[in-house]
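> What follows is each chain in one-letter form.
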Amino acid sequence: MQPNANSPRVTGSLLTDPKFRAWIFQILAVIAVIAAGWYLFNNTQHNLNSRGISSGFGFLQQSAGFGILQSLVDYTESDSYARVFVIGLLNTLLVSVLGIVFATLLGFLLGVARLSHNWLISKLATLYIEIFRNIPPLLQIFFWYFAVLRNVPGPRQSLDVGETVFLNIRGLYLPSPTPTEGFWAALAAFIVAAVISIYIGIKAKQRREATGRRFPVLLTTLGLLFGLPTIVGLLFGNPFVWEMPELKGFNFQGGFVVIPELVALTLALSIYTAAFIAEIVRAGIMSVSHGQTEAADSLGLRRGVTLRLVIIPQALRVIIPPLTSQYLNLAKNSSLAAAIGYPDLVSLFAGTVLNQTGQAIETISITMSVYLAISLAISLLMNSYNKRMALVER
Amino acid sequence: MQTHTFKPDQPPPSLSVGPIAWLRNNLFSNWFNSLLTLFAIYLLILMVPPALQWSIFDANWSGTTRTDCTAEGACWVFVQQHISQFMYGFYPEQLRWRVDLTAWAAILGAAPLFIPAMPRKALYGLAYLVIYPLLAFWLLYGGFGLDIVETSQWGGLMLTLVIAVVGIAGAMPLGILLALGRRSDMPAIKVLCVTFIEFWRGVPLITVLFMSSVMLPFFLPEGMSFDKLLRALIGIILFQSAYMAEVVRGGLQAIPKGQYEAAAAVGLGYWRMMGLVILPQALKLVIPGIVNTFIALFKDTSLVIIIGLFDLFTIIHQATVNPQWLGFATEGYVFAALVFWIFCFGMSRYSMHLERKLHTGHKR
Numbered sequence: 001m002q003p004n005a006n007s008p009r010v011t012g013s014l015l016t017d018p019k020f021r022a023w024i025f026q027i028l029a030v031i032a033v034i035a036a037g038w039y040l041f042n043n044t045q046h047n048l049n050s051r052g053i054s055s056g057f058g059f060l061q062q063s064a065g066f067g068i069l070q071s072l073v074d075y076t077e078s079d080s081y082a083r084v085f086v087i088g089l090l091n092t093l094l095v096s097v098l099g100i101v102f103a104t105l106l107g108f109l110l111g112v113a114r115l116s117h118n119w120l121i122s123k124l125a126t127l128y129i130e131i132f133r134n135i136p137p138l139l140q141i142f143f144w145y146f147a148v149l150r151n152v153p154g155p156r157q158s159l160d161v162g163e164t165v166f167l168n169i170r171g172l173y174l175p176s177p178t179p180t181e182g183f184w185a186a187l188a189a190f191i192v193a194a195v196i197s198i199y200i201g202i203k204a205k206q207r208r209e210a211t212g213r214r215f216p217v218l219l220t221t222l223g224l225l226f227g228l229p230t231i232v233g234l235l236f237g238n239p240f241v242w243e244m245p246e247l248k249g250f251n252f253q254g255g256f257v258v259i260p261e262l263v264a265l266t267l268a269l270s271i272y273t274a275a276f277i278a279e280i281v282r283a284g285i286m287s288v289s290h291g292q293t294e295a296a297d298s299l300g301l302r303r304g305v306t307l308r309l310v311i312i313p314q315a316l317r318v319i320i321p322p323l324t325s326q327y328l329n330l331a332k333n334s335s336l337a338a339a340i341g342y343p344d345l346v347s348l349f350a351g352t353v354l355n356q357t358g359q360a361i362e363t364i365s366i367t368m369s370v371y372l373a374i375s376l377a378i379s380l381l382m383n384s385y386n387k388r389m390a391l392v393e394r
Numbered sequence: 001m002q003t004h005t006f007k008p009d010q011p012p013p014s015l016s017v018g019p020i021a022w023l024r025n026n027l028f029s030n031w032f033n034s035l036l037t038l039f040a041i042y043l044l045i046l047m048v049p050p051a052l053q054w055s056i057f058d059a060n061w062s063g064t065t066r067t068d069c070t071a072e073g074a075c076w077v078f079v080q081q082h083i084s085q086f087m088y089g090f091y092p093e094q095l096r097w098r099v100d101l102t103a104w105a106a107i108l109g110a111a112p113l114f115i116p117a118m119p120r121k122a123l124y125g126l127a128y129l130v131i132y133p134l135l136a137f138w139l140l141y142g143g144f145g146l147d148i149v150e151t152s153q154w155g156g157l158m159l160t161l162v163i164a165v166v167g168i169a170g171a172m173p174l175g176i177l178l179a180l181g182r183r184s185d186m187p188a189i190k191v192l193c194v195t196f197i198e199f200w201r202g203v204p205l206i207t208v209l210f211m212s213s214v215m216l217p218f219f220l221p222e223g224m225s226f227d228k229l230l231r232a233l234i235g236i237i238l239f240q241s242a243y244m245a246e247v248v249r250g251g252l253q254a255i256p257k258g259q260y261e262a263a264a265a266v267g268l269g270y271w272r273m274m275g276l277v278i279l280p281q282a283l284k285l286v287i288p289g290i291v292n293t294f295i296a297l298f299k300d301t302s303l304v305i306i307i308g309l310f311d312l313f314t315i316i317h318q319a320t321v322n323p324q325w326l327g328f329a330t331e332g333y334v335f336a337a338l339v340f341w342i343f344c345f346g347m348s349r350y351s352m353h354l355e356r357k358l359h360t361g362h363k364r
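Protein chains in written order, with the numbering used here: chain X, 1 to 394; chain A, 1 to 364.
The following block holds chain X by itself, in its conformation from the complex (with noise of 0.2 Å):
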C-alpha cells in the first residue's frame, strides 16, 4: 500500500520518493538475506572441514547395513542407503494412506452424527470430538503403543475374531489372498467389467442429456464388476483363496502380519484426524442454507436425490479445501512414528541413517524436501481445484 505513489513529486528529493525507497529497501533485504545465506554456508563449510566430515550425496550408493522392521520392497541388509530412503518414504505413504481411509470414514461418520436429529447420538459425537481433538496426537500414539498393544497377550493366548483375526504383542495377524491359476482370468473379466461399465456410463449421459430417461447406471456398474468376475471365477476355478494364520510353534504363519507400531500409529493418527475431519463435515453440512433444502422439497426432489444432488455437491465445494488440509496434517504427523520406531522416512533416514554416516545436512534436506514436495503439490492441486469450484458470482 502506497499511499502516494502517483501523487507529483513535491520536495524532489530522492529520499521522500515512495517508488525510490520501495527500490533501496527491497534491494537492501535481498542483499541482507544472501548475506545471511551466505554467513551460514560459510560457516558450514569451516565446520565441515574441520571436523573432516564429506558433504555430497555419494554415502547414498553404501551399503546400510541395519535391518528394517517393515518393508513393502524387497530389502537386505546389504542394500545401499537410498533403498532404505525409498522404504522410508513407501512406509510414511502406507501409513498416511491407510490413516487418510479410516480418519475421512470416522470423520465423515461422526460429523453427520452430530447433526442427527437425535440427542444422544449428537452428544456422544460432541463428546468424541472434544476428547480427541484437544490430545496431543504423540500421547495418543504413545497410549495405543505402550498402553494396549504392548499389554495384549502372547501368540498363544492371542484374542482373536472368529478364528481369522488374530491380535497379539507381535501384532495384529489378519488372512491374506493368495491368487491361484484363476486369478488372471477374473482379472481380466474385471477390467472387461471396467470398460464397459465406463461406455455404459458415457452412452447414459448422452442419452439422459438428448431424451431426459435415465438409466440405472450405479446398479449395472456394481453388477458388471462383482457379477462378471464372479461368474469368470465360477468356470475357472476361485481366483484366490484366503491363507489363514496359524498358530505354529510359539508364533502364527501365514496371512498377513501388521505390526503393532503400525497399528498403533494408524488408530491414533485416524482417531485424532477423524475429530478434526468431523467439524470440517459439520462445517459443510451447515454451510448449505435450509432454503437450498425447501426449494428443492418445492420441486418435489426425494430425500435422498435432495440429499446427492442438492446438499452434498454445495457441502464439498466447502468441505474440500480444509479436509485436505487436515490430510496433509495427518502426512506429516506420520513422521510422528520416529518416536515409537515405525520405520518411516523420518526415523529412518533422519534417525538411523543420520546416525550412521553422520551426514546431518544432506538426510535432514533430503527428508524436509519430500514433505515439503508433497505439501507444495497438493496446494497447487487445491488451488486448481479452488479455481474451478469457486461460486461464479455475477
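Where hints are given, some of them may not hold.
Stated by the list, open to error - Here are the simulated DSS-like cross-link-like pairs (lysine-lysine), alpha carbons at most 30 Å apart as the crow flies:
hint, chain 1, residue 1, chain 2, residue 2
1, X, Lys387, A, Lys190
2, A, Lys357, A, Lys121
3, A, Lys284, A, Lys357
4, A, Lys257, A, Lys190
5, X, Lys123, A, Lys357
6, A, Lys257, A, Lys284
7, A, Lys257, A, Lys357
8, X, Lys19, X, Lys205
9, A, Lys257, X, Lys19
10, A, Lys190, X, Lys19
11, A, Lys257, X, Lys387
12, A, Lys7, A, Lys121
13, A, Lys121, A, Lys190
Hints are computed from structural coordinates only; laboratory data are not their basis.
With chain X fixed as given, assemble chain A onto it according to the hints.
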C-alpha cells in the same frame, strides 16, 4: 346476576410436554432414531461403567510404593508419588518456590487485563509484556543474586508452559511481520516472505526439531554453541511464525479497502497506517485463530521428546518405564492426557467466548 367462570385449563397432553415428550422428540421420533438410541445406550453401558470402575471405584488412592496398589483398578499412587516431578522436572527441590512465584506472577499480573473496566489497559498490558518476561527469566534461570538453574534441569509442566509461551510470544511479532510482507506491494519482499512461510508450513515440526538439534550447530561459527532448549525454541518459533503469519493474513484480508484508503487519506505513512488503523482491527478479528495456533503449539510441545528435553509428557513417559514402577503406563498417559486436555479445552472455550464477545459491528 349470573357470573361466568371459566373452567380451569386442562393440563397439556402428557405426550407433548415434559420429559416423555422430550424423549419422544429427541430419542424415539421414528424407528431409525430409536435404533440409534438403543445403540448409543449399548455403547455407553459397554464403556462407562468399566471406565468408572477402573478409574474411581476400584482405584488405589493412597500409599507410597507400588506394593500398595492391591486393588484391581488404576494405581493413582503412581501419579501421586511423581506429581512434583511431573510439575517441575529436575528443578532443585529447595528452589521450586521460584517456579511457583513465576506462575503466580503471571496469573496475578495478567488478572487486571481481564477486568473490563480497568483504566489504561493498553499501557499496563505493554508494561506487563516487557517486564514479565525479564522477571520470569530471572526467577527461573537465576543470576543477580539467585542460584543459576541450568535449563537441562527444567522439566515437567513448567517446561511445557515455558516452551508454549515463549514459542507463541516469539512467533507473534515475526508472524505479523511476515503477514505484512506477504501482503506487500514490493515483489522481492513478497517472494521472500511467501518462500519462508511455505517452507515452514510444508515440513513437519519433528524435522524442524531434528534440524535445530543436529543442523544448527553446523551453521554457527566454531566454538559458539547454544543451549538445547534455546535451539528447540528457535526451531519452534520459526515454525510457528509461519502459521501465525497465515492467521494474521486472514485478518488483514478481511479489512475492507476503504480502511486503507481512509488511513492514507488522513496522511498516515505505512507503519502508522498499519499500527494504528489496520492491525488493531485485523488482530481483533483473528484472536480465535491465534488461540487455535496456541493450542496447536501447546499440543506440539510434546514433540520435544525427540530431542531429549523433559517436558510434561516426556517426564511422564520416563516414569512409566522406570523399573520400579513398570506396568502403570495407562495411568501415566491418562494423567498426561487429562492435563493436556484441561489446558487445550479451556483455551478453546475461552477463544469461543472471545469470538462471541468481540463479534461487534459485524452482526446483521
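> Next, verify each hint and record whether it holds.
Okay, the hints, checked on the actual structure:
For a cut-off of 30 Å, the pair hint linking Lys387/X to Lys190/A stands: about 22 Å separates their Cα positions. A threshold of 30 Å between alpha carbons decides the hint, and for Lys357/A with Lys121/A the separation of about 17 Å falls inside it, so the pair holds. Only pairs whose Cα atoms come within 30 Å are accepted, and Lys284/A paired with Lys357/A is accepted, the gap being roughly 11 Å. Under the criterion of a C-alpha separation no larger than 30 Å, the hint pairing Lys257/A with Lys190/A is consistent with the structure, at around 19 Å.
For the suggested pair Lys123/X and Lys357/A, the alpha carbons sit about 25 Å apart, so the restraint of at most 30 Å is met. Among the hinted pairs, Lys257/A with Lys284/A is consistent with the structure: their alpha-carbon atoms are about 17 Å apart, no more than 30 Å. At roughly 25 Å between alpha-carbon atoms, Lys257/A and Lys357/A fall within 30 Å of each other, so this suggested pair holds. Distance restraint check for Lys19/X and Lys205/X: the Cα-Cα separation of roughly 58 Å exceeds the 30 Å cut-off, and the hinted pair is therefore not satisfied.
Only pairs whose Cα atoms come within 30 Å are accepted, and Lys257/A paired with Lys19/X is accepted, the gap being roughly 21 Å. Between Lys190/A and Lys19/X the alpha-carbon distance is near 16 Å, which keeps this suggested pair within the 30 Å criterion. Simply put, Lys257/A and Lys387/X have alpha-carbon atoms about 23 Å apart, close enough for the 30 Å limit, and the pair holds. A distance of roughly 62 Å separates the Cα atoms of Lys7/A and Lys121/A; the hinted pair therefore is violated under the 30 Å criterion.
For the proposed pair Lys121/A and Lys190/A, the alpha carbon gap of about 35 Å is over 30 Å, so the pair is violated.
Violated hints for the displayed structure, listed by number in ascending order: 8, 12, 13.
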